[in-house]
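Student: So you can see what is in the structure, the chains are spelled out below.
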Amino acid sequence: MRKILVRILGSVFVATSLVLGLAATAAAQTTTYATTTPGAPNTGAGGDVAMNILLLCVSAVVVLAGASYLVFRRPH
Amino acid sequence: MWSSLFHRRIDVLVTILVVGVAAGMFVATAVHAVWFAPELQVAPSGIAPATTTPQSAPVRLIIPSLGIDANIQYVGLSYIGHNIGVPNNFIDVAWYKYGTVPGEQGTAIIDGHVDNGLSLAGVFKHLNTITPGAHIYVLTQSGKKLQFVVTDVQSYPYQSVPMGEILSANDAARLDLITCDGGWVAGQRTYDHRLVVYTELQSSS
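So the sequences go chain by chain: A and B. Note that my numbering has the first sequence beginning at -4, numbered continuously upward. Note that my numbering has the second sequence beginning at 147, numbered continuously upward.
Worth flagging that the hints you see were computed from the coordinates, not collected in a lab. The C-beta atom is built at its ideal place from N, Cα and C for all residues, glycine as well. Careful: at least some of the hints might be erroneous.
Unchecked claim - Chain A stretches covered by chain B per the calculated footprint, using a threshold of three residues with CB under 8 angstroms from any CB of chain B:
hint: 1; segment: 37 to 45
hint: 2; segment: 50 to 64
To be verified - Computed from the model, here is a short list of chain B residues facing chain A with C-beta under 8 angstroms:
hint: 3; residue: Glu250
hint: 4; residue: His259
hint: 5; residue: Tyr304
For reference, chain B alone in the conformation it holds in the complex (with noise of 0.2 angstroms):
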């Protein structure tokens, strides 16, 4: 009798472990590939972050040709790779804290996501329509606005970005956002090719 009650408790323990395990797996999934993916980060050797101010700090980037009013996130570099960060969710956008502010002499970079991890719309998804001459903003914690203009767009392969040319351009105060592009790498479960928008600032307020 006691031996059957023991077999009885440990089919119902063993079960409910199991189940426990599975909707544990099941909501780290769902959250992991529709929410949160964050990305283990590192900062560059001898590099500090960009000083802000207020007056500077970026806090919105805004599209309205896209419909694009996200929330900006400070990262450094990708642990695995040393590639430049990316937002821990897919409606956020990226600012490499380590390069130049949006709106200084040189060049700021932006990423955001193309897609989560069902295929659906990131916050990117639709920037490969942006065209030369359409307008973005970032608006700064102070609240000042300030206006780039898209001056190029080139979509490069992914072990091919000229990023030391793009970190490099300092004549004059120039914004560029990066996102994926092109077809899926399944070996190396990353997107075969990089969107590189290019743009310059255009006016203050």
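Isolated chain A, as found in the complex (with noise of 0.2 angstroms):
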């Protein structure tokens, strides 16, 4: 059961890591001009604050998480 459980909050850790990567890492989406005008460069990412460190957290329990099971585990 135990090891099921493991294998499970793995899988839901490591995908949830990459789709909020994904996001987080998706270029911005701004209107396509039609003219050889280009457009104002998109020169911030501030906004992006609140993802970045949700993404920073989430890995990094991750990491913590399966550290501590590696380190702390014992042999059935």
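Each chain sits in its own coordinate frame; assemble them with the hints.
Tutor: Shown next as structure tokens:
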């Protein structure tokens, strides 16, 4: 039961990390201009702070939890 | 016994894999948010990069009133949206190399980030405090120093920046600095305004 739970949790963490990572690293969507005049540059990323902090926290928790399991697991 | 050993090893392997992926995600997020944020760029069709010489190739942007002394990267157009490209980090600035060379007749464009992915200050964080009359310097590869003076500061909604007018102004040697301004538009992942600092060449030495 414990092994199944660990595997399920691990899969959820991996999937969550991948989804959040893809969402956070996707390029900003801006209007496509039909003319040859370029648009103004997109020179800011501060609005992503919440997503980035969430990603950092989730991945840090996964690392700590996994490392703890590896260090403190008891052989069956 | 062998089944038990196999399951223990599987547990360890799965855990190592999960920890590895999470660690990689942590490092990638931290690096991308704080330091290195490249943008896929393209060249405008039918337009070659501006020709530069050691005497004209811009290498550093200096704004003494704001404490800015930044390296100048050379950029094209963003792959998505075909906007003027941005530097690949938050401490350099970027010159649009398919436009005018700073110091030559026409309008050169230099942009820089206002903040990074953790909302910490970017190179142009305080650009909105600059006032007309302030001096801006561009150093070239040969050590030549171009002095520009700020003539105007404007903030435009990000979808209404008069880029055509800005790029076509060629009655003098101009340098316009652009950065983000205003509030965050979550749906578009951009700020809702662009700050444009208009300057004109005053002298070169």
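Student: Indicate, hint by hint, whether the structure satisfies it.
Tutor: Evaluated hints:
Counting residues of the segment 37 to 45 of chain A whose C-beta sits closer than 8 angstroms to any C-beta of chain B gives 8, which meets the bar of three, so the coverage hint holds. Chain B is given as covering the segment 50 to 64 of chain A, and this holds because 10 residues of the stretch bring a CB closer than 8 angstroms to a CB of that chain, at least three being needed. Among the interface hints, the one on B:Glu250 is violated; its C-beta lies about 19 angstroms from the nearest C-beta in chain A, farther than the 8 angstroms criterion. Against a cut-off of 8 angstroms between C-beta atoms, the interface hint on B:His259 holds, since the closest Cβ of chain A lies about 5 angstroms away.
Because the closest C-beta pair between B:Tyr304 and chain A is about 6 angstroms apart, less than 8 angstroms, the hint holds.
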